[in-house]
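A.B. asks: Sequence:
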Amino acid sequence: MERMFNSFIESLKSAGEEISEDYFNLKEAGSRELIQRERVYCYELYHQLKNKIVDFYYNLDGELDKSGHSIIEESLGRVKPDFVIHKRGDMENNLAVIEVKPIDVRANNLKSDIEKIKKFIDRCQYYKGIMLIYGNKDRNYFKENIKNKVESINEENLLLVWHQKPNQRMKLIDI
1050 MERMFNSFIE SLKSAGEEIS EDYFNLKEAG SRELIQRERV YCYELYHQLK
1100 NKIVDFYYNL DGELDKSGHS IIEESLGRVK PDFVIHKRGD MENNLAVIEV
1150 KPIDVRANNL KSDIEKIKKF IDRCQYYKGI MLIYGNKDRN YFKENIKNKV
1200 ESINEENLLL VWHQKPNQRM KLIDI
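With my numbering applied, the sequence shown covers 1050 to 1224.
Wrong hints could be hidden among the right ones.
Pair by pair, the computed Cβ-Cβ distance ranges are [stated by the list, open to error]:
| hint | residue 1 | residue 2 | range |
| --- | --- | --- | --- |
| 1 | ASP1071 | GLY1138 | 32 to 38 Å |
| 2 | GLY1079 | ASN1157 | 26 to 32 Å |
| 3 | SER1069 | MET1140 | 33 to 39 Å |
| 4 | GLU1059 | SER1080 | 33 to 39 Å |
| 5 | ALA1078 | ASP1104 | 40 to 46 Å |
Computed list of lysine to any residue pairs in SDA-like fashion (alpha-carbon distance at most 25 Å, straight line) [as the list claims (entries may be wrong)]:
| hint | residue 1 | residue 2 |
| --- | --- | --- |
| 6 | LYS1099 | ASP1139 |
| 7 | LYS1168 | PRO1151 |
| 8 | LYS1062 | GLU1087 |
| 9 | LYS1099 | ILE1058 |
| 10 | LYS1101 | GLU1193 |
| 11 | LYS1220 | SER1201 |
| 12 | LYS1220 | ARG1088 |
| 13 | LYS1214 | ASN1055 |
| 14 | LYS1160 | PHE1105 |
| 15 | LYS1101 | GLU1066 |
| 16 | LYS1196 | LEU1207 |
| 17 | LYS1220 | TYR1072 |
| 18 | LYS1136 | GLY1111 |
| 19 | LYS1186 | GLU1093 |
| 20 | LYS1196 | ASN1157 |
| 21 | LYS1136 | VAL1210 |
| 22 | LYS1168 | ARG1137 |
| 23 | LYS1160 | LYS1101 |
| 24 | LYS1165 | TYR1107 |
| 25 | LYS1062 | ILE1222 |
| 26 | LYS1198 | GLN1085 |
| 27 | LYS1076 | LYS1167 |
| 28 | LYS1167 | GLU1193 |
| 29 | LYS1165 | LYS1076 |
| 30 | LYS1062 | GLN1213 |
| 31 | LYS1165 | LEU1109 |
| 32 | LYS1076 | PHE1191 |
| 33 | LYS1129 | SER1080 |
| 34 | LYS1129 | ASN1189 |
| 35 | LYS1214 | ASN1197 |
| 36 | LYS1099 | GLY1079 |
| 37 | LYS1214 | MET1050 |
| 38 | LYS1214 | ARG1188 |
| 39 | LYS1129 | VAL1210 |
| 40 | LYS1062 | PHE1105 |
Because the hints were derived from the structure by calculation, they are not lab data.
The structure presented is a predicted model; accordingly, all values stated were derived computationally and were not measured.
All C-beta atoms in this analysis are idealised placements derived from N, C-alpha and C, irrespective of residue type, glycine included.
Produce the entire structure from the sequences given, and follow the hints as far as they go.
C.D. replies: Shown next as structure tokens:
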């Protein structure tokens, strides 16, 4: 499973090179400011990932509604992770769960998503979890506002990925 996970991570990191400014930062009518919209970013990430993992053993599903799923709803309640990489219909082949947030995420929202990832790992047999942060802030901001909060969770199967800029390879951040 580790080999398959590493293959997926490489595809994920390279998918970042294909996500353009149009999906990363949006122009808002009546404003000069660019805004980030998680759902727009996620839809483009899904598209680029599907192009990278054409013959991949696992299925990639985005915002898969797990309400009504007998095992997951009992363990986690009604959840809808941003992405799951799994074998549909088989709880023994859950490769990864991914949550995505913009870099200016509020601390409580970041913590909530990380806790969701932990529950998927601990209760639903997902091999790894990925917290993907996108957005361009300096390294100090990233360290103080993202990395330190993720480190405090203390989950060895959680990876932190940073997509800092459009059309740039994503980075795996040591935690």
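A.B. asks: So, for every hint listed, does it hold in this structure?
C.D. replies: Against the structure, the hints:
{"no.": "1", "hint": "ASP1071 - GLY1138: 32 to 38 Å", "verdict": "holds, 36 Å"}
{"no.": "2", "hint": "GLY1079 - ASN1157: 26 to 32 Å", "verdict": "holds, 29 Å"}
{"no.": "3", "hint": "SER1069 - MET1140: 33 to 39 Å", "verdict": "holds, 37 Å"}
{"no.": "4", "hint": "GLU1059 - SER1080: 33 to 39 Å", "verdict": "holds, 37 Å"}
{"no.": "5", "hint": "ALA1078 - ASP1104: 40 to 46 Å", "verdict": "holds, 41 Å"}
{"no.": "6", "hint": "LYS1099 - ASP1139", "verdict": "holds, 21 Å"}
{"no.": "7", "hint": "LYS1168 - PRO1151", "verdict": "holds, 22 Å"}
{"no.": "8", "hint": "LYS1062 - GLU1087", "verdict": "holds, 17 Å"}
{"no.": "9", "hint": "LYS1099 - ILE1058", "verdict": "holds, 13 Å"}
{"no.": "10", "hint": "LYS1101 - GLU1193", "verdict": "violated, 32 Å"}
{"no.": "11", "hint": "LYS1220 - SER1201", "verdict": "holds, 20 Å"}
{"no.": "12", "hint": "LYS1220 - ARG1088", "verdict": "holds, 21 Å"}
{"no.": "13", "hint": "LYS1214 - ASN1055", "verdict": "holds, 22 Å"}
{"no.": "14", "hint": "LYS1160 - PHE1105", "verdict": "violated, 31 Å"}
{"no.": "15", "hint": "LYS1101 - GLU1066", "verdict": "holds, 11 Å"}
{"no.": "16", "hint": "LYS1196 - LEU1207", "verdict": "holds, 12 Å"}
{"no.": "17", "hint": "LYS1220 - TYR1072", "verdict": "holds, 18 Å"}
{"no.": "18", "hint": "LYS1136 - GLY1111", "verdict": "holds, 14 Å"}
{"no.": "19", "hint": "LYS1186 - GLU1093", "verdict": "holds, 21 Å"}
{"no.": "20", "hint": "LYS1196 - ASN1157", "verdict": "holds, 14 Å"}
{"no.": "21", "hint": "LYS1136 - VAL1210", "verdict": "holds, 23 Å"}
{"no.": "22", "hint": "LYS1168 - ARG1137", "verdict": "holds, 19 Å"}
{"no.": "23", "hint": "LYS1160 - LYS1101", "verdict": "violated, 30 Å"}
{"no.": "24", "hint": "LYS1165 - TYR1107", "verdict": "holds, 21 Å"}
{"no.": "25", "hint": "LYS1062 - ILE1222", "verdict": "holds, 12 Å"}
{"no.": "26", "hint": "LYS1198 - GLN1085", "verdict": "holds, 21 Å"}
{"no.": "27", "hint": "LYS1076 - LYS1167", "verdict": "violated, 34 Å"}
{"no.": "28", "hint": "LYS1167 - GLU1193", "verdict": "holds, 21 Å"}
{"no.": "29", "hint": "LYS1165 - LYS1076", "verdict": "violated, 31 Å"}
{"no.": "30", "hint": "LYS1062 - GLN1213", "verdict": "holds, 11 Å"}
{"no.": "31", "hint": "LYS1165 - LEU1109", "verdict": "holds, 18 Å"}
{"no.": "32", "hint": "LYS1076 - PHE1191", "verdict": "holds, 24 Å"}
{"no.": "33", "hint": "LYS1129 - SER1080", "verdict": "violated, 31 Å"}
{"no.": "34", "hint": "LYS1129 - ASN1189", "verdict": "violated, 31 Å"}
{"no.": "35", "hint": "LYS1214 - ASN1197", "verdict": "holds, 21 Å"}
{"no.": "36", "hint": "LYS1099 - GLY1079", "verdict": "violated, 34 Å"}
{"no.": "37", "hint": "LYS1214 - MET1050", "verdict": "violated, 30 Å"}
{"no.": "38", "hint": "LYS1214 - ARG1188", "verdict": "holds, 13 Å"}
{"no.": "39", "hint": "LYS1129 - VAL1210", "verdict": "holds, 20 Å"}
{"no.": "40", "hint": "LYS1062 - PHE1105", "verdict": "holds, 16 Å"}
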